[in-house]
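Number of protein chains: 2
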Amino acid sequence: MGFRYDIRLSGSGGQGIILMGIILAEAVGIYEGRHVSQTQSYGPEARGGSSKAEVVISDTEIDYPKAMRLDMLLAMNQKSCDDYYMDLKPEGILIVDSTFVKQLPIPRAFQIPFTKIAREKLGREMVANIVALGAISKLTDIVSPKAIEQAVLARVPKGTEKLNRDALNAGMAAAVKAKKNILPFMRSEREDEDT
Amino acid sequence: MGFRYDIRLSGSGGQGIILMGIILAEAVGIYEGRHVSQTQSYGPEARGGSSKAEVVISDTEIDYPKAMRLDMLLAMNQKSCDDYYMDLKPEGILIVDSTFVKQLPIPRAFQIPFTKIAREKLGREMVANIVALGAISKLTDIVSPKAIEQAVLARVPKGTEKLNRDALNAGMAAAVKAKKNILPFMRSEREDEDT
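Residue numbers (numbering that gives the first Met the number 0), protein chains in the order written: chain P, 0 to 194; chain S, 0 to 194.
This is chain P alone, in the form it adopts within the complex:
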């Protein structure tokens, strides 16, 4: 089987989860030219106010577009983190909005306060999803910062380009910091092996 990368983006209704899924899929599909499927499913529980969007990337045509074992989970609130972390592969990446996710179900996770950054650095809480997209482009190899910027600018309302570009950049900077914070844990493991 070829390369396949399964992503679930999750949070509350109103956090812009589905728009994130579309932008991420368009960044990879249109601007990187890879095979991508993007799916949202609703059941009778949909009125509960939770929201999730799935993105599957592959090097061949995607026959089964639902995410299965996750390579990446983004949880923008505590409930979605609790509900979905078990679907992560052992080597999968967990990214949480630490503004709302206070209890980590697994020790290793990228904790970035997307909503707090959007509110305090950008003055608009609603761009927390774009901050998160910026972070994803730095925390994974699935999409380049350039492709994500093209896809964001093609989808956001005219006149909000600067705000959204700033949001992406803030997310990228926060991701670089979060990566450094998570590294000592890996380094000390490596050091333990060496001694």
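Worth flagging that the hints you see were computed from the coordinates, not collected in a lab. We put the CB at the ideal spot given by N, CA and C, even for glycine. Do not take every clue at face value.
[Said to hold, decoys possible] Derived CB-CB ranges, DEER-like: (1) G13(S) - K161(P): 19 to 25 angstroms; (2) R68(S) - R164(P): 42 to 48 angstroms; (3) I181(P) - M125(S): 42 to 48 angstroms; (4) P156(S) - E44(P): 26 to 32 angstroms; (5) P89(P) - R118(S): 53 to 59 angstroms; (6) E124(S) - A153(P): 42 to 48 angstroms; (7) P89(S) - K101(P): 52 to 58 angstroms; (8) T139(P) - K179(S): 50 to 56 angstroms.
[As the list claims (entries may be wrong)] Taking lysine to aspartate or glutamate and the EDC-like style, the derived pairs with C-alpha atoms no more than 20 angstroms apart in a straight line are: (9) K115(S) - D165(S); (10) K137(P) - D165(P); (11) K178(P) - D140(P); (12) K178(P) - E124(P); (13) K137(P) - D62(P); (14) K65(P) - D58(S); (15) K157(P) - E124(S); (16) K178(P) - D70(P); (17) K157(P) - D82(S); (18) K65(S) - D86(S); (19) K65(S) - D62(P); (20) K157(S) - E124(P); (21) K178(S) - D82(S); (22) K65(S) - E60(P); (23) K157(S) - D58(P); (24) K101(S) - D82(S); (25) K65(S) - D58(P); (26) K65(P) - D82(S); (27) K65(P) - E60(S); (28) K178(S) - E124(S).
Once you have looked at the hints, place chain S on chain P.
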């Protein structure tokens, strides 16, 4: 196997096809409380400027969210009509934007000039997709006018509620007219049988 209804919405990039898919899925999933999956797929051909969104409705959980044999195809331009009409079931419904689709691949189709209506009656060509959603709610039994209105109003920018409600209503009115235009064909078939 239970009830399953497969829809493909298709047209050019910029016609708001993916937003249509999301609104239709949310109308059925959140406001009607049924099982729905909504998917878009991109391949290396995605740069070509075509756009498609699929919606699958079921009375049980949807295992395979890609549309297969279509119960409904909406084609907002000639190319998507030509590319996809063969995926229709024999009893499937074809709905075309007759502003752009001039050659029908099958004789029986609902022809409604969504873009012309949006441009001339509403003064905003960009709401052609909302006009089409209004028509879909009248041409099929899958979503009620009330649910589609709730879903549209939850997704469109604040301040555009009246424009979008007018667009829905214009689409519904045009659909009622299109249904009448298509009926004589059925009636004459019936009459033939009677004589």
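Hints versus structure:
| no. | hint | in the structure |
| --- | --- | --- |
| 1 | G13(S) - K161(P): 19 to 25 angstroms | holds, 23 angstroms |
| 2 | R68(S) - R164(P): 42 to 48 angstroms | holds, 43 angstroms |
| 3 | I181(P) - M125(S): 42 to 48 angstroms | holds, 44 angstroms |
| 4 | P156(S) - E44(P): 26 to 32 angstroms | holds, 28 angstroms |
| 5 | P89(P) - R118(S): 53 to 59 angstroms | holds, 55 angstroms |
| 6 | E124(S) - A153(P): 42 to 48 angstroms | violated, 18 angstroms |
| 7 | P89(S) - K101(P): 52 to 58 angstroms | holds, 56 angstroms |
| 8 | T139(P) - K179(S): 50 to 56 angstroms | holds, 54 angstroms |
| 9 | K115(S) - D165(S) | holds, 14 angstroms |
| 10 | K137(P) - D165(P) | holds, 15 angstroms |
| 11 | K178(P) - D140(P) | holds, 14 angstroms |
| 12 | K178(P) - E124(P) | violated, 23 angstroms |
| 13 | K137(P) - D62(P) | violated, 28 angstroms |
| 14 | K65(P) - D58(S) | holds, 18 angstroms |
| 15 | K157(P) - E124(S) | holds, 17 angstroms |
| 16 | K178(P) - D70(P) | holds, 17 angstroms |
| 17 | K157(P) - D82(S) | violated, 32 angstroms |
| 18 | K65(S) - D86(S) | holds, 12 angstroms |
| 19 | K65(S) - D62(P) | holds, 8 angstroms |
| 20 | K157(S) - E124(P) | holds, 17 angstroms |
| 21 | K178(S) - D82(S) | violated, 25 angstroms |
| 22 | K65(S) - E60(P) | holds, 12 angstroms |
| 23 | K157(S) - D58(P) | violated, 40 angstroms |
| 24 | K101(S) - D82(S) | holds, 14 angstroms |
| 25 | K65(S) - D58(P) | holds, 18 angstroms |
| 26 | K65(P) - D82(S) | violated, 25 angstroms |
| 27 | K65(P) - E60(S) | holds, 13 angstroms |
| 28 | K178(S) - E124(S) | violated, 23 angstroms |
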